[in-house]
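Asks: In case you want the letters, here they are:
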Amino acid sequence: VLHIRGDVRDRVRVFHLEGTLTTVEVPFLKREVRAAMQEGARDIVLDLAGTEFIDSAGLGAFVALHKATLEAKGRLTLKSPRPNIMALLELTRLHRVLGIETPGPALDRTTLP
Amino acid sequence: MSEIRAERIEVRFPGSSRYLPAVRALVREVIAGDEDGRMNDVSGILLAVHEAFVNAVRHGHHGDAGQAVSLVVEDGPECLEIRVLDQGAGFVMPDALDDDSDLTSEGGRGLGIMRAVMDSVSVEHAGGITTVSLVKNKGRL
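For the protein sequence lines, the chains are A and B, in the order given. First residue of the first sequence: 4, per our numbering; consecutive thereafter. First residue of the second sequence: 236, per our numbering; consecutive thereafter.
Chain A extracted, bound-state conformation (with noise of 0.2 Å):
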């Protein structure tokens, strides 16, 4: 079960992810996230916070997504991942060619020397 939630911030759509990402939801993902880029949406960012489990379709469909966006000019972001989806990512090489944001402890650059 996978719910979406979507939010909108210039050309940037944010999909908030919770539930499960397998062979099963990935065709509903992939039609919202088609829907968002045909009304405009360049940037997309999948927010996997709350995303508990990923199959190899799941991944299929990020490098899908990944394309799309390069090919409309914009790119795929994925964010705060769980140590589990960090892992698979890892272990399939896609870490280094998927967009990937984990929040990392706040820097403050202001106070650095």
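Keep in mind that the hints were calculated from the coordinates and are not lab data. Honestly, I wouldn't trust all of these hints.
From the structure, some residues in chain B lie toward chain A, with a derived Cβ separation under 8 Å [as the list claims (entries may be wrong)]:
| hint | residue |
| --- | --- |
| 1 | H285 |
| 2 | E286 |
| 3 | T339 |
| 4 | G342 |
| 5 | G345 |
| 6 | A351 |
The C-beta atom is built at its ideal place from N, Cα and C for all residues, glycine as well.
Model the placement of chain B on the given structure of chain A, informed by the hints.
Replies: Just chain B now, kept in the frame of chain A:
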């Protein structure tokens, strides 16, 4: 009931991806019942079984939900073995993971993932039944 106490569990599912959550729940429950806590890669094991079930449904049965997929779980003292049985034509396991595989391919990662997360993955075809066997060794106490 918070745990299943049995050395061997056999369940026959309709060959539909609808039952994937039930397949994962069953395996998760078996691992949770491993009181020594020696099965530490829970998400890897769940993923391997999930991928094997998807392959059985999609490639074994070509989506025909009328054909059953059986799941056999044997929780032994040294290892956990999970077998996924379908009635398809079978397939040959590639020799090794292809390190040069196209990173931008949209498919073809299932077997590689299974082999990476399990200690042993094998496939056997006999009497019209294809059996994919997934083994995870248990760590030392």
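Asks: Hint by hint, say whether it matches the structure.
Replies: Against the structure, the hints:
| no. | hint | verdict |
| --- | --- | --- |
| 1 | H285 | holds, 6 Å |
| 2 | E286 | holds, 6 Å |
| 3 | T339 | holds, 6 Å |
| 4 | G342 | holds, 5 Å |
| 5 | G345 | holds, 4 Å |
| 6 | A351 | holds, 5 Å |
Hint compliance for this structure: every hint is met.
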